[in-house]
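Each chain is listed here by its residues.
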Amino acid sequence: MKELKLMKGNEAVAEAAIRAGADAYFGYPITPQSEVLEYLMAERPYERTGMVVLQAESEVAAINMVYGGAACGKKVITSSSSPGISLKMEGISYIAGAELPCVILNVVRGGPGLGTIQPSQSDYFQATKGGGHGDYRLIVLAPASVQEMADHVKLGFDLAFKYRNPVMILSDGVIGQMMEKVELFEQMPRLSDEEVAANYPWATTGKPAGVPHRIITSLELDSSKQEKHNHHLQEKYRKIQENETMYEAIQTEDAEYLIVAFGSSARISQKAIDMARAKGIKVGMIRPITLFPYPSEIINKLADQVKGILTVEMNAGQMIEDVKLAVNGKVKVEHFGRFGGMIPNPEEVVKALEQKIIGG
Amino acid sequence: MAETFDRPEIRTPENLVYSKTNVLTDNIMHYCPGCGHGTTHRLLAEVIEEMGIQSETIGIAPVGCSVLAYNYFDVDMQEAAHGRAPAVATAVKRLFPNKFVFTYQGDGDLAAIGTAETIHACNRGENMTIIFVNNGIYGMTGGQMAPTTLPGMPTSTSPYGREVATMGNPLKITELIAQLPGTYYVTRQSVHTPANVRKAKKAIRQAMENQKLNRGLSFVEVVSNCNSGWKLSPVKANKWMEDNMFPFYPLGDIKVNGELVK
Amino acid sequence: MTEEIIIAGFGGQGVLSMGKILAYSGIMQDQEVSWMPSYGPEMRGGTANVTVILSDERISSPVLNAFDTAIILNQQSMDKFEKTIKPGGTLLYDPNGITHHPTRKDIKIYRIQAAEASAAMGNTKTFNMIVLGAFLKIKPIVLMENVEKGLKKSLPVRHHKLIPMNMEAITKGAEIVEEVA
Numbered sequence: 075m076k077e078l079k080l081m082k083g084n085e086a087v088a089e090a091a092i093r094a095g096a097d098a099y100f101g102y103p104i105t106p107q108s109e110v111l112e113y114l115m116a117e118r119p120y121e122r123t124g125m126v127v128l129q130a131e132s133e134v135a136a137i138n139m140v141y142g143g144a145a146c147g148k149k150v151i152t153s154s155s156s157p158g159i160s161l162k163m164e165g166i167s168y169i170a171g172a173e174l175p176c177v178i179l180n181v182v183r184g185g186p187g188l189g190t191i192q193p194s195q196s197d198y199f200q201a202t203k204g205g206g207h208g209d210y211r212l213i214v215l216a217p218a219s220v221q222e223m224a225d226h227v228k229l230g231f232d233l234a235f236k237y238r239n240p241v242m243i244l245s246d247g248v249i250g251q252m253m254e255k256v257e258l259f260e261q262m263p264r265l266s267d268e269e270v271a272a273n274y275p276w277a278t279t280g281k282p283a284g285v286p287h288r289i290i291t292s293l294e295l296d297s298s299k300q301e302k303h304n305h306h307l308q309e310k311y312r313k314i315q316e317n318e319t320m321y322e323a324i325q326t327e328d329a330e331y332l333i334v335a336f337g338s339s340a341r342i343s344q345k346a347i348d349m350a351r352a353k354g355i356k357v358g359m360i361r362p363i364t365l366f367p368y369p370s371e372i373i374n375k376l377a378d379q380v381k382g383i384l385t386v387e388m389n390a391g392q393m394i395e396d397v398k399l400a401v402n403g404k405v406k407v408e409h410f411g412r413f414g415g416m417i418p419n420p421e422e423v424v425k426a427l428e429q430k431i432i433g434g
Numbered sequence: 033m034a035e036t037f038d039r040p041e042i043r044t045p046e047n048l049v050y051s052k053t054n055v056l057t058d059n060i061m062h063y064c065p066g067c068g069h070g071t072t073h074r075l076l077a078e079v080i081e082e083m084g085i086q087s088e089t090i091g092i093a094p095v096g097c098s099v100l101a102y103n104y105f106d107v108d109m110q111e112a113a114h115g116r117a118p119a120v121a122t123a124v125k126r127l128f129p130n131k132f133v134f135t136y137q138g139d140g141d142l143a144a145i146g147t148a149e150t151i152h153a154c155n156r157g158e159n160m161t162i163i164f165v166n167n168g169i170y171g172m173t174g175g176q177m178a179p180t181t182l183p184g185m186p187t188s189t190s191p192y193g194r195e196v197a198t199m200g201n202p203l204k205i206t207e208l209i210a211q212l213p214g215t216y217y218v219t220r221q222s223v224h225t226p227a228n229v230r231k232a233k234k235a236i237r238q239a240m241e242n243q244k245l246n247r248g249l250s251f252v253e254v255v256s257n258c259n260s261g262w263k264l265s266p267v268k269a270n271k272w273m274e275d276n277m278f279p280f281y282p283l284g285d286i287k288v289n290g291e292l293v294k
Numbered sequence: 130m131t132e133e134i135i136i137a138g139f140g141g142q143g144v145l146s147m148g149k150i151l152a153y154s155g156i157m158q159d160q161e162v163s164w165m166p167s168y169g170p171e172m173r174g175g176t177a178n179v180t181v182i183l184s185d186e187r188i189s190s191p192v193l194n195a196f197d198t199a200i201i202l203n204q205q206s207m208d209k210f211e212k213t214i215k216p217g218g219t220l221l222y223d224p225n226g227i228t229h230h231p232t233r234k235d236i237k238i239y240r241i242q243a244a245e246a247s248a249a250m251g252n253t254k255t256f257n258m259i260v261l262g263a264f265l266k267i268k269p270i271v272l273m274e275n276v277e278k279g280l281k282k283s284l285p286v287r288h289h290k291l292i293p294m295n296m297e298a299i300t301k302g303a304e305i306v307e308e309v310a
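Protein chains in written order, with the numbering used here: chain W, 75 to 434; chain A, 33 to 294; chain L, 130 to 310.
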């Protein structure tokens, strides 16, 4: 029998981390994601699977613990919310530069600064365009349900190790705090130290006799070598774009208008689409599941079919830039957003569609 | 000089009086002549060899003069962000509790930008070894003032000498962390004379052996010169260190077997 | 069937846990559910509210502006949520502490004297279950056997001994709910 649970998104991430066979979680409390650490501490995963859970002295320490654990070839995850993710950005850049696999959850809250603890999607640029210093990309997943919060942990680890690249789960206070039905996947075994050493010869597991020592670093003082490394990273990102783009197309077959929205905005827009269709407006939606790589191709294709595109975001207009790049001027693209911790309601979305796209 | 290397016939086992440990690579070190880093590297590498733990040791060196330590230690190495080595090492040790883990950090790294990571790793009693090279200056970036720079000491960012009233006091971080219940062994050494080198090696050996006891964190400070940063010749730098650094940073054990030395 | 509900009151009244039991009851009869709380400082004594949706279909927005039912347990929530009830929808409230009673004419209004009844039962913690009983009498969207299963799922095992008392409170609520308009 499948195991159904009613869980908060944050709790689902924590339970999924244990079940995905994660070796460690390192984190620091911040609203609205503290349930991840609270759940893990209450659950005693060390006794269930041997997973290490540690409350660090800061987000900075936590992300560097992730660096150290990931450099050992271990499955490591951390979580935080916007101001804490800003603090982690230095470490994330190092992780990207040293090509280490890990999963980072951002349960976004409104900013800038300390901002609000209420939900937001205003860290889209930070997540998809770099965030830290240097030319790098995160693989960015955008769960729109508690089920996806759990599933994206497993998917995140798979992608992180496939490409030796950090994966960010870009969630928000709605998805993190709400409870929904979750079907949890079966417990996966943690790898033994021997399996880690055998699977990941790049990892610092202790230098075997007769083998060159392993070095995990993001430093290269020779610029020509650093450029070569950057070319290698760009090639990797291109492969990720080719192979890992994911989206959900909703009622696009007959659509005359298109909404593009991710995460909780997509859930709200789904309701708006039902309301608009009841009024006879033929509107569909593309919900990007990966924000990097971005589903530009399908949006470009649909730009030939629809009369206008509305992006719905809980920010002042960030993802709209990627939609405009994808559309390349073929059709009008407008943005509707609430921000600073305010959540749009479906009625507002319908109104924006009517005023900015259909009437405009 | 070149003649010596051109006469392989004298390089025979019976003539061998000294050899480099195989836990150091053959890479030529970038450290300034007279600097204490090279000696400290050698001591740690010799201890690793003597303990037979080369394949079980993971080292972490963050930003500072020793950022390229991974080129010299022939063990698995991680380069860490500035100040964060104790956090990085915490994860390594938690995930590999039976391996030997060390960090190798300078004073700017450990006692300024990484103060929080240092204090908390020590306070948690992480079962690992911190080697802390204190030369009172930021050597790598060209001789700027460090948290350990002495009062009145000129640096490139305190060109008229460290003025305590505006720039603060030098930080005796080693005495500070010795107070923490998580530290098991805290000592301050130097490597500027053969006698001090022998003592420092003994201390490093003790610090690595302690990991087997699983009693907490071992911390070895090495007070070193930075002759290029101090703008002195190596010999004068050592003399200056004895006259100025040691009175402020006295050598000797501060905490042994978890007990403060009185 | 889709039922969109807002439950709103003070922190400490059991608003969130009532929503959770309702959501779990929905899962027990194979429905889709969502439970979206207001979170933050409100959790520590201020106002608390939760949006609960039970549906036979995939739930779209967990965040709503209009509700089929509002369960209102203090004046601030009355001021905020009376106007959000869909025409023809339902308002259930406890008059205890309410100074401005609802005035809408296009909705059905019910009262539950839950604070009073829970005090009479000798355990004010049964308050939220009395309210839940009242709601399920008006809108029997989940079977009583599934509520009991939902209680079992949402309460930690050490509290399972409290289930009979909770079921009694639910029955009580169903008995004493009164239609106002």
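Don't take each hint at face value.
Computed beta-carbon distance windows for the label pairs [said to hold, decoys possible]:
{"hint": "1", "chain 1": "L", "residue 1": "290", "chain 2": "W", "residue 2": "116", "range": "19 to 29 Å"}
{"hint": "2", "chain 1": "A", "residue 1": "41", "chain 2": "W", "residue 2": "310", "range": "46 to 56 Å"}
{"hint": "3", "chain 1": "W", "residue 1": "301", "chain 2": "L", "residue 2": "285", "range": "50 to 60 Å"}
{"hint": "4", "chain 1": "W", "residue 1": "375", "chain 2": "L", "residue 2": "287", "range": "51 to 61 Å"}
{"hint": "5", "chain 1": "W", "residue 1": "116", "chain 2": "A", "residue 2": "266", "range": "49 to 59 Å"}
{"hint": "6", "chain 1": "L", "residue 1": "217", "chain 2": "W", "residue 2": "316", "range": "33 to 43 Å"}
{"hint": "7", "chain 1": "W", "residue 1": "378", "chain 2": "L", "residue 2": "227", "range": "35 to 45 Å"}
{"hint": "8", "chain 1": "A", "residue 1": "247", "chain 2": "W", "residue 2": "77", "range": "41 to 51 Å"}
{"hint": "9", "chain 1": "W", "residue 1": "120", "chain 2": "A", "residue 2": "292", "range": "42 to 52 Å"}
{"hint": "10", "chain 1": "W", "residue 1": "297", "chain 2": "A", "residue 2": "272", "range": "31 to 41 Å"}
{"hint": "11", "chain 1": "W", "residue 1": "116", "chain 2": "A", "residue 2": "289", "range": "29 to 39 Å"}
{"hint": "12", "chain 1": "W", "residue 1": "77", "chain 2": "L", "residue 2": "208", "range": "36 to 46 Å"}
{"hint": "13", "chain 1": "L", "residue 1": "269", "chain 2": "W", "residue 2": "77", "range": "22 to 32 Å"}
Cross-link-like lysine-lysine pairs, in silico, BS3-like; alpha carbons within 30 Å at most [to be verified]:
{"hint": "14", "chain 1": "L", "residue 1": "266", "chain 2": "L", "residue 2": "234"}
{"hint": "15", "chain 1": "W", "residue 1": "79", "chain 2": "L", "residue 2": "234"}
{"hint": "16", "chain 1": "L", "residue 1": "234", "chain 2": "W", "residue 2": "425"}
These are computed hints drawn from the structure, not numbers from a lab. The model shown is predicted, which means the values in this text are computed figures rather than measured ones. Idealized CB from N, CA, C, for every residue including glycine.
Hint check:
no., hint, result
1, L:290 to W:116: 19 to 29 Å, "holds (21 Å)"
2, A:41 to W:310: 46 to 56 Å, "holds (52 Å)"
3, W:301 to L:285: 50 to 60 Å, "holds (57 Å)"
4, W:375 to L:287: 51 to 61 Å, "holds (56 Å)"
5, W:116 to A:266: 49 to 59 Å, "holds (58 Å)"
6, L:217 to W:316: 33 to 43 Å, "violated (52 Å)"
7, W:378 to L:227: 35 to 45 Å, "violated (57 Å)"
8, A:247 to W:77: 41 to 51 Å, "holds (42 Å)"
9, W:120 to A:292: 42 to 52 Å, "violated (32 Å)"
10, W:297 to A:272: 31 to 41 Å, "holds (36 Å)"
11, W:116 to A:289: 29 to 39 Å, "holds (36 Å)"
12, W:77 to L:208: 36 to 46 Å, "holds (42 Å)"
13, L:269 to W:77: 22 to 32 Å, "holds (28 Å)"
14, L:266 to L:234, "holds (21 Å)"
15, W:79 to L:234, "violated (40 Å)"
16, L:234 to W:425, "holds (27 Å)"
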